[in-house]
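Colleague: Chain residues, written in single-letter form:
2 protein chains.
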Amino acid sequence: MAKIKSLSEFGLIDRVSKKFNHRLRNTVLPLGDDCAAYSATSSKTQLVSTDALVENIHFKLSTISPQQLGQKAIAVNISDIAAMGGIPTRVLITLGIPKKISSSFLDQLYAGIHKTCKLYNIELFGGDTVSSPKCFFINITIIGEAEQGNIFTRDGAKKGDLIFTTGTLGDSSLGLKMLSKEKWECSSNSRKHLLKKHLTPIPRIKESRLLKKFGSRVTSMIDISDGLVQDLHHICKQSKTGATIYEENLPLSPAFSKFCSDNNLSPLPYILNGGEDYELLFTLSPDGVNNLIRQFKKAEALVTQIGEITQPSKKVSLLKKNGKREMLPQSSGFNHF
Amino acid sequence: MAKIKSLSEFGLIDRVSKKFNHRLRNTVLPLGDDCAAYSATSSKTQLVSTDALVENIHFKLSTISPQQLGQKAIAVNISDIAAMGGIPTRVLITLGIPKKISSSFLDQLYAGIHKTCKLYNIELFGGDTVSSPKCFFINITIIGEAEQGNIFTRDGAKKGDLIFTTGTLGDSSLGLKMLSKEKWECSSNSRKHLLKKHLTPIPRIKESRLLKKFGSRVTSMIDISDGLVQDLHHICKQSKTGATIYEENLPLSPAFSKFCSDNNLSPLPYILNGGEDYELLFTLSPDGVNNLIRQFKKAEALVTQIGEITQPSKKVSLLKKNGKREMLPQSSGFNHF
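Chains as they are written, first to last, in the working numbering: chain A, 1196 to 1532; chain B, 1196 to 1532.
Everything labelled a hint here was simulated from the structure, so no lab data went into it. Misleading hints may appear alongside valid ones.
[Stated by the list, open to error] Each pair of labels, with its calculated beta carbon distance range: (1) B:P1293 <-> A:S1237: 44 to 50 angstroms; (2) B:W1379 <-> A:P1293: 28 to 34 angstroms; (3) B:D1350 <-> A:P1293: 42 to 48 angstroms; (4) A:T1236 <-> B:E1443: 25 to 31 angstroms; (5) A:S1237 <-> B:S1411: 42 to 48 angstroms; (6) B:P1507 <-> A:T1236: 38 to 44 angstroms.
[To be verified] Non-contacting residues of chain A with respect to chain B, defined by C-beta distances greater than 10 angstroms in every case (computed): (7) R1218; (8) A1231; (9) S1244; (10) R1285; (11) T1289; (12) K1329; (13) S1375; (14) N1384; (15) R1386; (16) C1455; (17) L1463; (18) K1492; (19) E1495; (20) K1509; (21) K1510.
[As the list claims (entries may be wrong)] Just so you have them, the derived chain A footprint on chain B, three or more residues with Cβ under 8 angstroms: (22) 1228-1240; (23) 1325-1338.
Yeah, the Cβ is synthetic: ideal placement off N, Cα and C, and Gly gets one too.
Kindly produce the complete structure, drawing on both the sequences and the hints.
Modeller: Rendered as structure tokens:
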């Protein structure tokens, strides 16, 4: 009997989706993207997504404060709405609470949830609190909305489109690495930057709203939660294309580069497969590039072209600084199982 | 530092709701009922609710099959939509999966989910699958809809209204009791009935639709998940009323009565506080009673008047068969913590 370890999360979703293909009339986008979408009115599409964080799998209570955990749980769900070009509106929060958890922990957790919800004008709309025998867990369902017929999906990338990412890559996974032991060569500013990217990521709502101005020139979008390679594979698979990433273009923060060199860490695994960047990865038709650069500069938002969409092979490769090409298989992404 | 054990689920929700009172413009009903509701169009209200089931808290894998668990997880969420007078439309399913779980278990679980979704025309609309270190858990978010301005809530009961329940009470908790050991005096038919009510409850969608015909004569409604007393307290608290239940009217199945008498069990704790009945508990203004009885008879659906709404004391009492009155405090309900 196959154990779940041999199924990736994505394999499971594929298996289930194939069996489970009933669709309602007003479904705009079924499961399989960052959010699913349905149309409740002629002008607005409702976006819905759900994400769980489990103690000792996604976080350790010894390295994240309850307030940070509350902020992060909401932020990573907002990121899914941003990836669709939507605006978050409501959340439902389930907590699985073991006996070791105190009420002051819960107060601080909710303070973090509240802070992030307030910042993005999100209403707490329900939830469930249950006992959990061993581990604390949070499940968040987020609801958002977008104008009808104007959502970003994973399936529209075309050969010749350019691949962009917001922000910098690898900081979050390096922040996680940093939490694994005490002694690293690192300035306090760098430490702060890397930990912040890991513990309290900022969902790219501002950037997502900027990208709405580009309409159908943005041909696909996803948020980088599983790692650049894994998430680019999702775009390629659903768009039936291949992709090449240029190593020398990958955007790195000064803190990231310095930490890697000071501590003799090879940066590429963190950049490519680290996961939890919560940056927006998107493809753009070439005629939109100049305007994109201009708009992001004006908004003081970071965006970088990191590659291009290639032939319909569904393969992803890395063009290295030394001119060699390396294939990047899907399985190298972050995988809980 | 107060541990979570000292907070009931409801205490926690109250604390959070008070702090967290931001409401969006199109919110119809904020958190605190079986579902929260918002209006996406001028004609339809969107209902949303979320519920988690955790291994060894809500179920044991040794006493429920994966298919039954899948059916039950969806059914108890549908029950929340039924309690609002809505129609379920979509679900999002999060699974927390420990290593011991096999892929065939998941296939059977999804077969159960699929069966119930198909029966009620519900679309699987997303989800998350994550590792869980110890216990299997399922979190379901359900979306439904109702006509604008026509949902049942907990806060409209008035003095003189009559209290009704669908179906019979206590079967589910007796089914759970039966699972705790092998040797009970019980016919195989009774066993089947009681286990079915516990393992695969039928959400009262048919009854909910019947009650829609009564419009504002149905003054409040809730589904009995925490137990009759606990859930009646929710109505009384939110309606600012008291209530009296008549012991001799409480509807019991023949299997329930026989099992209790054959095994020397006192029936009242199961009926009043057993929980997981997933029947609809509602209040009706007296001028609707005759029509209610007629409509339910015609539809071959069971409904019983079990009490009446009293003065605004928020207290619930039981009028016993011997004519004595017993107060039923809120804390006697089912409580995970």
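Colleague: Give a verdict on every hint.
Modeller: These are the hints, each one checked on the structure:
Between P1293 (chain B) and S1237 (chain A) the Cβ separation comes to about 45 angstroms, which falls inside the hinted range of 44 to 50 angstroms. Against the hinted window of 28 to 34 angstroms, the Cβ-Cβ separation of W1379 (chain B) and P1293 (chain A) comes to about 33 angstroms, which satisfies the hint. At about 33 angstroms, the beta-carbon gap between D1350 (chain B) and P1293 (chain A) misses the expected band of 42 to 48 angstroms. Checking the proposed 25 to 31 angstroms range against T1236 (chain A) and E1443 (chain B) shows it is violated: the Cβ atoms sit about 50 angstroms from each other.
Remark: the range hint 42 to 48 angstroms for S1237 (chain A) to S1411 (chain B) is contradicted by a beta-carbon distance near 30 angstroms. Remark: the range hint 38 to 44 angstroms for P1507 (chain B) to T1236 (chain A) is upheld by a beta-carbon distance near 40 angstroms. Annotated as non-interface, R1218 (chain A) brings its C-beta within 10 angstroms of a C-beta of chain B; the closest such distance is 6 angstroms. Taking the minimum C-beta to C-beta distance to chain B, about 5 angstroms, the non-interface status of A1231 (chain A) is violated against the 10 angstroms cut.
Remark: the non-interface label on S1244 (chain A) conflicts with the geometry, its nearest Cβ contact in chain B lying 6 angstroms away (cut-off 10 angstroms). Not every Cβ of chain B is farther than 10 angstroms from the Cβ of R1285 (chain A); the closest lies at roughly 7 angstroms, contradicting the non-interface assignment. The claim that T1289 (chain A) lies off the interface is violated: its Cβ sits roughly 5 angstroms from the closest Cβ of chain B, which falls inside the 10 angstroms cut-off. K1329 (chain A), annotated as away from the interface, has a beta carbon of chain B within 10 angstroms; the closest lies near 4 angstroms.
Look at S1375 (chain A): its CB is around 18 angstroms from the nearest CB on chain B, clear of 10 angstroms, so calling it non-interface holds up. In this structure N1384 (chain A) is separated from chain B by more than 10 angstroms, as the shortest Cβ-Cβ distance comes to about 33 angstroms. The non-interface label for R1386 (chain A) is consistent with chain B: the shortest C-beta to C-beta separation is roughly 28 angstroms, beyond 10 angstroms. At the 10 angstroms boundary, the C-beta of C1455 (chain A) stays outside the reach of chain B, the nearest C-beta of that chain being 28 angstroms off.
The Cβ of L1463 (chain A) lies farther than 10 angstroms from every Cβ of chain B, with a closest approach of about 26 angstroms, so its non-interface assignment holds. No Cβ of chain B comes within 10 angstroms of the Cβ of K1492 (chain A); the nearest lies about 33 angstroms off, and the non-interface call holds. No Cβ of chain B comes within 10 angstroms of the Cβ of E1495 (chain A); the nearest lies about 28 angstroms off, and the non-interface call holds. Every CB of chain B is more than 10 angstroms from the CB of K1509 (chain A) (nearest about 23 angstroms), matching its label as outside the interface.
Listed as outside the interface, K1510 (chain A) is consistent with that label: its C-beta sits roughly 26 angstroms from the nearest C-beta of chain B, beyond the 10 angstroms cut-off. With 6 residues having a beta carbon nearer than 8 angstroms to a beta carbon of chain A, the stretch 1228-1240 of chain B meets the requirement of three or more and the stated coverage holds. With a threshold of 8 angstroms between beta carbons, the proposed coverage of the stretch 1325-1338 of chain B by chain A holds, since 10 of its residues qualify and at least three are required.
Hints 3, 4, 5, 7, 8, 9, 10, 11, 12, counting from the list given before, are not met by this structure.
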